[in-house]
Amino acid sequence: FSYFDRDDVALRHFAEFFKEQSHEEREHAEKMMEFQNKRGGRVLLQDVKKPEQDEWGNGLEAMQRALQMEKDVNQSLLDLHKLSSGHMDPHVSS
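In terms of the working numbering, the sequence shown is residues 7 to 100.
Some hints here could point you the wrong way.
As the list claims (entries may be wrong) - Derived PhoX-like pairs: lysine-lysine, alpha-carbon spacing no greater than 25 angstroms straight-line:
| no. | residue 1 | residue 2 |
| --- | --- | --- |
| 1 | Lys25 | Lys44 |
| 2 | Lys56 | Lys37 |
| 3 | Lys37 | Lys88 |
| 4 | Lys44 | Lys56 |
| 5 | Lys37 | Lys55 |
What the hints assert, rightly or not - Distance windows between CB atoms, simulated:
| no. | residue 1 | residue 2 | range |
| --- | --- | --- | --- |
| 6 | Tyr9 | Ser91 | 21 to 27 angstroms |
| 7 | His87 | Gly46 | 37 to 43 angstroms |
| 8 | Glu30 | Glu67 | 41 to 47 angstroms |
| 9 | Leu83 | Leu51 | 28 to 34 angstroms |
| 10 | Lys56 | Lys88 | 27 to 33 angstroms |
| 11 | His19 | Val79 | 35 to 41 angstroms |
| 12 | Ala16 | Ser82 | 20 to 26 angstroms |
| 13 | His19 | Lys55 | 42 to 48 angstroms |
| 14 | Asn64 | Glu33 | 24 to 30 angstroms |
| 15 | Arg71 | Arg18 | 29 to 35 angstroms |
Derived from the structure by calculation, the hints contain no laboratory data.
Quick reminder that beta carbons are idealized off the backbone N, C-alpha and C, glycines included.
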């Protein structure tokens, strides 16, 4: 369930969209952990912090926040790529 499923918000398509995105991001995380394990690394999981905001004024505000989160994840992946390139890691940097 999500914020958008609530009876006082009731934006069903937003709820479906964010649920699908959540599943997709979880799959990405699982693939990254699998890759790390196959390479001999160790996965160290940490607590996931509660979002700073859990009420949204409207759908646009939620979409803007989701876009910013996507940009943050993308930047983290670019940083990882740069780090692996510096270590001449052909499995990640190619």
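Which of the stated hints cannot be reconciled with the structure, identified by number in ascending sequence? 1, 4, 6, 7, 8, 9, 11, 12, 13, 15
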